[in-house]
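Novice: Whole structure, please, built from the sequences with the hints as guidance.
Those protein sequences? They're chains A and D, same order as listed. Residue numbers for the first sequence follow numbering that gives the first Met the number 0, beginning at 0 and rising by one. Residue numbers for the second sequence follow numbering that gives the first Met the number 0, beginning at 0 and rising by one.
Careful: at least some of the hints might be erroneous.
Pairs of lysine-lysine, BS3-like flavour, derived with a Cα cap of 30 Å [claimed, not checked]:
{"no.": "1", "chain 1": "A", "residue 1": "Lys93", "chain 2": "A", "residue 2": "Lys185"}
{"no.": "2", "chain 1": "A", "residue 1": "Lys99", "chain 2": "D", "residue 2": "Lys131"}
{"no.": "3", "chain 1": "D", "residue 1": "Lys183", "chain 2": "A", "residue 2": "Lys142"}
Please keep in mind that the hints were generated in silico from the structure rather than gathered at the bench.
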Amino acid sequence: MSNLKVEAIDFNLYYGEYQALKQINFQAEENTITAFIGPSGCGKSTLLRSFNRMNDLIPGVRTEGETRVNGINVYDKSVAVDILRKQVGMVFQKPNPFPKSIFENVAYGLRVDGVRDKHIIEEKVVNSIKQAALWDEVKDKLKKSANALSGGQQQRLCIARALAIEPSVILMDEPASALDPISTSKIEELIYELKAHYTIIIVTHNMQQAARVSDRTAFFYLGELVECDDTKTIFTNPKSLQTQNYITGKFG
Amino acid sequence: MSKLRGKQLHQTLAFGTFRLISFSVVGVLFLIIGFIVIRGISVISWDFLTKMPTEGMTSGGILPAIVGTLCLVAGSMIVAFPVGVLSGIYINEYLKESWFKKLVRSMTNNLAGVPSIVFGLFGMALFVNTLKFGDSILAGSLTLSLMVLPIIIRTTEEALKSVDDSMRIGSYALGATKLQTIRKVVLPICYPNIVTGLILSVSRVSGETAPILFTAATYFLDRLPHSIFDQVMALPYHLYVLTTSGTDMEKAKPMAYGTALVLIIIVLLVNLLANSARRYFNNKLK
Numbered sequence: 000m001s002n003l004k005v006e007a008i009d010f011n012l013y014y015g016e017y018q019a020l021k022q023i024n025f026q027a028e029e030n031t032i033t034a035f036i037g038p039s040g041c042g043k044s045t046l047l048r049s050f051n052r053m054n055d056l057i058p059g060v061r062t063e064g065e066t067r068v069n070g071i072n073v074y075d076k077s078v079a080v081d082i083l084r085k086q087v088g089m090v091f092q093k094p095n096p097f098p099k100s101i102f103e104n105v106a107y108g109l110r111v112d113g114v115r116d117k118h119i120i121e122e123k124v125v126n127s128i129k130q131a132a133l134w135d136e137v138k139d140k141l142k143k144s145a146n147a148l149s150g151g152q153q154q155r156l157c158i159a160r161a162l163a164i165e166p167s168v169i170l171m172d173e174p175a176s177a178l179d180p181i182s183t184s185k186i187e188e189l190i191y192e193l194k195a196h197y198t199i200i201i202v203t204h205n206m207q208q209a210a211r212v213s214d215r216t217a218f219f220y221l222g223e224l225v226e227c228d229d230t231k232t233i234f235t236n237p238k239s240l241q242t243q244n245y246i247t248g249k250f251g
Numbered sequence: 000m001s002k003l004r005g006k007q008l009h010q011t012l013a014f015g016t017f018r019l020i021s022f023s024v025v026g027v028l029f030l031i032i033g034f035i036v037i038r039g040i041s042v043i044s045w046d047f048l049t050k051m052p053t054e055g056m057t058s059g060g061i062l063p064a065i066v067g068t069l070c071l072v073a074g075s076m077i078v079a080f081p082v083g084v085l086s087g088i089y090i091n092e093y094l095k096e097s098w099f100k101k102l103v104r105s106m107t108n109n110l111a112g113v114p115s116i117v118f119g120l121f122g123m124a125l126f127v128n129t130l131k132f133g134d135s136i137l138a139g140s141l142t143l144s145l146m147v148l149p150i151i152i153r154t155t156e157e158a159l160k161s162v163d164d165s166m167r168i169g170s171y172a173l174g175a176t177k178l179q180t181i182r183k184v185v186l187p188i189c190y191p192n193i194v195t196g197l198i199l200s201v202s203r204v205s206g207e208t209a210p211i212l213f214t215a216a217t218y219f220l221d222r223l224p225h226s227i228f229d230q231v232m233a234l235p236y237h238l239y240v241l242t243t244s245g246t247d248m249e250k251a252k253p254m255a256y257g258t259a260l261v262l263i264i265i266v267l268l269v270n271l272l273a274n275s276a277r278r279y280f281n282n283k284l285k
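Specialist: In C-alpha cells form, the structure reads like this:
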C-alpha cells in the first residue's frame with residue numbers, strides 16, 4: 000500500500016448522547032481526491048471535521064478511536080490543534096474571506112504562524128493566488144478588499160488562503176454548493192489540478208461533481224461508512240444496494 | 000375596489016401619523032438647540048473660553064470648567080475603556096454559557112440602570128473617604144468610569160456578537176489561536192461599533208453632574224488643576240451653580256446659557272467625531 004495520508008480507525012463520534020459516527024474505518028492515499036457523499040445528516044461533514052478537529056468547537060462532542068493525518072493520531076494529547084490545522088487546510092461551503100485586503104487574506108495564515116519576512120510572505124501569497132487560478136483576475140487589486148470579489152472568486156481566494164500555509168491535506172466542505180455553474184466548474188478544475196500536490200477530501204451533494212473530480216468515493220448513511228471504493232466502481236458497480244439507490248436517486 | 004381604497008387610506012393615515020410624530024420630535028430637538036444658541040451665543044468669545052471667571056462668576060470666562068470637564072472625561076475614559084472592552088471580550092468570547100454568564104449579564108444591565116446620583120454617593124464613600132483621594136479628578140474620574148462601564152461592556156458585547164461565526168471558524172482553520180483570532184479578525188470587524196460606544200459614553204460623561212457632585216466638582220476656582228488630586232470645576236456643575244446659587248443670579252444668566260452652549264458644542268463635536276471614526280473603520284472593512 001502506498002503512502003497513507005488520512006485515516007480513520009474504529010472512529011466513533013458523539014454529540015452528547017447522539018452517536019453521529021459509528022465505527023468508521025477509512026483511508027486516503029497521498030495525492031488522491033476522495034469524495035464523501037450521502038444524504039444530509041449522514042455524518043460526512045462530521046468526519047471531515049474530525050481530521051482537523053474543527054469539531055472541538057462544538058460543545059458536548061466526544062470521540063473514540065483515532066483519526067490520523069500523516070500517521071499521527073490527531074486526537075492524541077501531544078497534538079496542538081493550531082499546528083495540526085496548519086497541516087490540514089479547510090475550505091468551507093460559504094466563502095468566508097476576512098474583511099481585509101485580498102493580499103492580507105492570503106497572508107493571514109503566515110502571519111499568525113509568526114512569519115515576519117516581507118519577501119517570504121509576498122512570494123508565498125503570490126504563489127498561492129496563482130495556484131488557486133485567481134492571479135489574472137486579482138493581480139492589479141491585491142490591496143482591494145476581498146469583499147469586492149464575486150462569490151466564485153472569493154471561494155478561490157479561500158482556497159489560496161488555505162494553500163498559503165502549505166498544508167499536505169485539504170478538506171473541502173461542499174466548496175461549490177453556493178456558487179453558479181461557471182464558478183463551480185472553475186473550482187472543480189482547480190481541485191483536479193491541486194491533486195498533484197495535495198491530498199484532498201471533498202464533501203459534496205452533487206453526484207456528477209463526485210464522479211467528475213474524485214478518484215475514490217465514500218458513501219455514508221446514518222453515521223456509517225457504507226462503502227468506499229474507486230469512484231468508477233461506486234458509480235457503475237456498487238456493492239451495496241443502499242449506495243446504488245442513493246446514486247441513482249431513489250432516495251436521499 | 001372600495002376595499003382597496005380603504006386599505007390605501009389606512010396606509011396614508013398611518014404613515015402620515017408616523018411622519019407627524021417624527022417631525023415633532025426633531026422639531027423639539029431643534030427648538031432646544033436653537034433656544035440655547037440664541038441665548039448663549041452673545042457671551043461666547045475668545046475671552047469666555049480662555050479666561051477665569053471674575054466678579055462672582057457674573058463675568059470673565061469658564062476656562063477652569065472646560066479644562067475640568069476635559070480632565071474628567073479623559074480620566075474616566077482611560078479607566079473605563081480598557082476595562083470595559085476587555086470585560087466585554089471576556090464575557091462574549093471566553094465565558095461559557097452558564098448561570099454565571101447570565102448573572103454577569105443581568106448585573107451589567109442592572110448597573111446601567113442605577114441612577115447616577117447613587118454612583119456619586121458610592122464614589123464619595125469609596126474613593127473620596129475610604130481611599131482618601133479627597134474631592135479630586137481621580138475620585139471623579141473613577142466614579143464616572145464606574146457609571147459608563149456597563150455601557151461600554153454592553154456595546155462591546157453586542158459588537159462581538161454581531162461578528163459572523165464563519166469568520167472565527169475560518170481563522171481557526173488556518174491555525175490561528177483563539178487570541179489571534181480575536182485580535183486580528185474579530186476585533187477589527189468590531190472597531191466601528193466599539194468606537195461608537197466609546198464616544199457615546201464620552202458625551203454621556205461630559206454631561207453628568209450627579210456623579211461628580213460629591214467627588215470632584217467645586218463651586219469656584221481661579222486656577223487650573225495641577226494634579227489628579229486637585230478639585231476641578233466642570234461644565235454641567237458650573238451650569239447648575241450659575242442657575243441656582245450665584246451671588247447675582249440675574250447677571251449670571253447669560254453666563255449660564257453660554258456654558259450650556261459650550262457643553263452642547265462639545266457633545267456635538269464628540270458625536271461628529273464618532274461618526275467620522277465609524278466611517279473610517281467601516282471603509283477599512285469594505
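Novice: The structure should be examined with respect to each hint, and the outcome stated for every one.
Specialist: Evaluated hints:
Using a Cα cut-off of 30 Å, the hinted pair lysine 93 (chain A) and lysine 185 (chain A) holds, with the two alpha carbons roughly 16 Å apart. Taking the CA atoms of lysine 99 (chain A) and lysine 131 (chain D), the gap is near 49 Å; set against the 30 Å cutoff, the hint is violated. Note on lysine 183 (chain D) and lysine 142 (chain A): the hinted pairing holds, with a Cα-Cα distance of about 17 Å set against a maximum of 30 Å.
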